[in-house]
Amino acid sequence: MDPLSIIGTTTGLAFGTLGFLLQTITALEQAGRDYRNYPGRLGDFKRQLWQCEAQLEDWKTRWDGFSNKTYKAFWGDNYEEIRDWCTDMGKLCDEIRRELRGQGDKRKSGKAKAMMKRAWFVLTMNDPSKNTKARLKANGKVSSVPNGQPITSSERIVPTQKIAFALYKSGRLRQQLDDLSKAIDNLDKFSRMQFRRQQRSNKIDPPTREELRRVERLMTFVDYLTNSAGRVHEVRKCLDLEQKTRLWALELRLPDNEGDAFEWDNMGKINIDFTLHVKDQQSQWTSRRIRTYHLPPSSPDVTLLSKAITEGRFDVKLGSEGKAKQSFGILDPSTGRRSHSYRKLLKDGILRDKEVYKAWESDRANLIFGIVNWTILLWQTNWTTYPCCCSLRFEQVPIIGRQHTLTAVEKDDCHGDLGVQKKLLLLGMTLAELTIACSLQIDETKVGAASESNLQFIMNRGEGEEMISRDRVLQKIRKRSGSNRFTEAIAFCLDNESVANMEDFQAPFIDHYIRHIFEPVREYFEAIIEHRKKSESMLWWKNFLNRSAWPSNTVYDDGS
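Residues in the sequence shown are numbered consecutively from 1, following the numbering used here.
The reader is advised that the hints may include incorrect statements.
[What the hints assert, rightly or not] With a straight-line cut-off of 16 Å between C-alpha atoms, the simulated EDC-like cross-links for lysine to aspartate or glutamate are:
1. K60 - E210
2. K344 - E488
3. K358 - D471
4. K72 - E216
5. K534 - E361
6. K182 - D88
7. K69 - E216
8. K69 - E57
9. K60 - D88
10. K533 - E258
11. K91 - D179
12. K479 - E361
13. K46 - E99
14. K344 - D557
15. K476 - E488
16. K307 - D205
17. K60 - D185
18. K344 - E463
19. K279 - E311
20. K69 - E80
21. K347 - E463
22. K46 - D188
23. K533 - D363
24. K46 - D179
25. K46 - D94
26. K269 - D223
27. K91 - E57
28. K347 - E465
29. K189 - D205
30. K203 - D188
31. K69 - D223
32. K269 - D280
33. K189 - E81
34. K189 - D58
35. K46 - E95
None of these hints come from the bench; they were simulated from the model.
Let's have the full structure, built from the sequences with the hints guiding it.
Set out below in structure tokens:
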């Protein structure tokens, strides 16, 4: 071999060996420094653990103390995942605390020590002989090493094992604390995100404790009113089986102190009013107005209510006295003539006349506001299964003016199962119809098959049918109402119909509907009423009303 090649090879090996030794020495020096700093790091680890535990405690302080049902309203299908997540983090905190106290799992610690011991010998000894390995395995020490290897006594091996284990434990604790900190951050973000998603809210900030309590109260309110009004509906079903001699309708009175969706959290009592039409043996119809009184936790006495309706006797008239003692009674005066359904009026084109439409303005505002209020309050009941113009009528009521009513199931087949599946869509269609004074129909087989912007309706203005897109409907609404907010409320109903399925309903949706539907509709109603009040004092308006009789006799139904 060429001498220069031999010298080059030898030099390369020497520099390689030197580099390896320098790296090894540097690593050993760093390991030694890390070992000397280990007690101080334990203190840092303890402080990190305290910080993580404080963050976890803050999270628990915000979310603890609710029922499983409430948590499901908070987080939906992710409730169990979040619950298990929190439990696992508590266990990890306990495990780290035991590690810091030196009370970790003995099996894990022993295994870790053995692993680090083997790693240390591989690092510091260059291929020990078989005899050396045997002695290491048997005694954990080396008394003599042949072939010129350095002597390694037990006094040196034990400290090196301690260093190796301390370094292993330090790295393990650091990783555990990093994992714990990230897990707590992710839990906070995920639980907050799921809560906002359930609320259908765009907020990203953590909910306050009062906000969570409000959801809990809302669930209690919705459950109570749904069950209480549902019992009255059962009475209606039983009585209506008797040869269809009774017809019920829900009065859509304007929001007040005893029936306001916006003020649900401040209402101690809720009054629900109905009109009841009864056919006697001579096939003559008589009517009365019934008020049921709902005060948690009690419900109307449905047995007495059924008996009173069957026998045609109401011993209690709900006046200013005795309201707190009675759960139902009659209201004076009774109703008079009933109109045709609004669906018929729209198809006949009666409401399309400009003068009639203008004269109808405040009545239309009352009707729209009443529908929204009671549909939201009674969302989970059969009283509002079909918010549809087929079931809307107005009835003459002496003295107090016309009352608009929603008939519960008079046209229960007009949309098939669409009322249950797409209730919010039906509400939006109804508000749109009343605003543009045109009948709208939709093929339920096409609902959800296309994006919202491609949604198509069949419009009937009293002079034939035509196809019209969702966007054109909204353009007409904006032009007729002059209100962007009101138009957006109807768009919300049309575009978010999938969140309204009764089987997927959650009480927090009510706040969502109030924010996106009720409040814009209330603003629209108040603007119209304010404008009407200003107009009433003007002579031209009085002449206009005298010239445009509303409603004419053609809108009334001859029989109930």
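Against the structure, the hints:
1. K60 - E210: Between K60 and E210 the Cα gap is close to 15 Å, so the pair holds against 16 Å.
2. K344 - E488: The hint is violated at about 27 Å.
3. K358 - D471: violated (24 Å)
4. K72 - E216: Holds, because 11 Å separates the two Cα atoms, which is no more than 16 Å.
5. K534 - E361: holds (14 Å)
6. K182 - D88: Judged against 16 Å, a Cα distance of about 13 Å means the pair holds.
7. K69 - E216: holds (9 Å)
8. K69 - E57: violated (22 Å)
9. K60 - D88: OK: K60 and D88 at ~14 Å, within 16 Å.
10. K533 - E258: violated (25 Å)
11. K91 - D179: holds (13 Å)
12. K479 - E361: Roughly 14 Å between the alpha carbons, so the hint for K479 and E361 holds.
13. K46 - E99: holds (10 Å)
14. K344 - D557: It holds: about 11 Å lies between the C-alpha atoms, which stays within 16 Å.
15. K476 - E488: holds (12 Å)
16. K307 - D205: violated (53 Å)
17. K60 - D185: holds (13 Å)
18. K344 - E463: holds (13 Å)
19. K279 - E311: Holds, because 13 Å separates the two Cα atoms, which is no more than 16 Å.
20. K69 - E80: holds (11 Å)
21. K347 - E463: holds (8 Å)
22. K46 - D188: Status violated; Cα separation ~22 Å.
23. K533 - D363: holds (13 Å)
24. K46 - D179: holds (15 Å)
25. K46 - D94: holds (12 Å)
26. K269 - D223: Since the Cα atoms of K269 and D223 sit roughly 14 Å apart, the hinted pair holds (cutoff 16 Å).
27. K91 - E57: holds (14 Å)
28. K347 - E465: Measuring from Cα to Cα gives roughly 10 Å; hence the hint holds.
29. K189 - D205: holds (9 Å)
30. K203 - D188: holds (14 Å)
31. K69 - D223: Holds: K69 and D223 sit about 12 Å apart, inside 16 Å.
32. K269 - D280: violated (34 Å)
33. K189 - E81: With Cα atoms ~14 Å apart, K189 and E81 stay inside 16 Å; holds.
34. K189 - D58: At roughly 13 Å apart (the allowed maximum being 16 Å), D58 and K189 satisfy the hint.
35. K46 - E95: holds (12 Å)
The structure does not agree with the numbered hints 2, 3, 8, 10, 16, 22, 32 stated previously, though it agrees with the rest.
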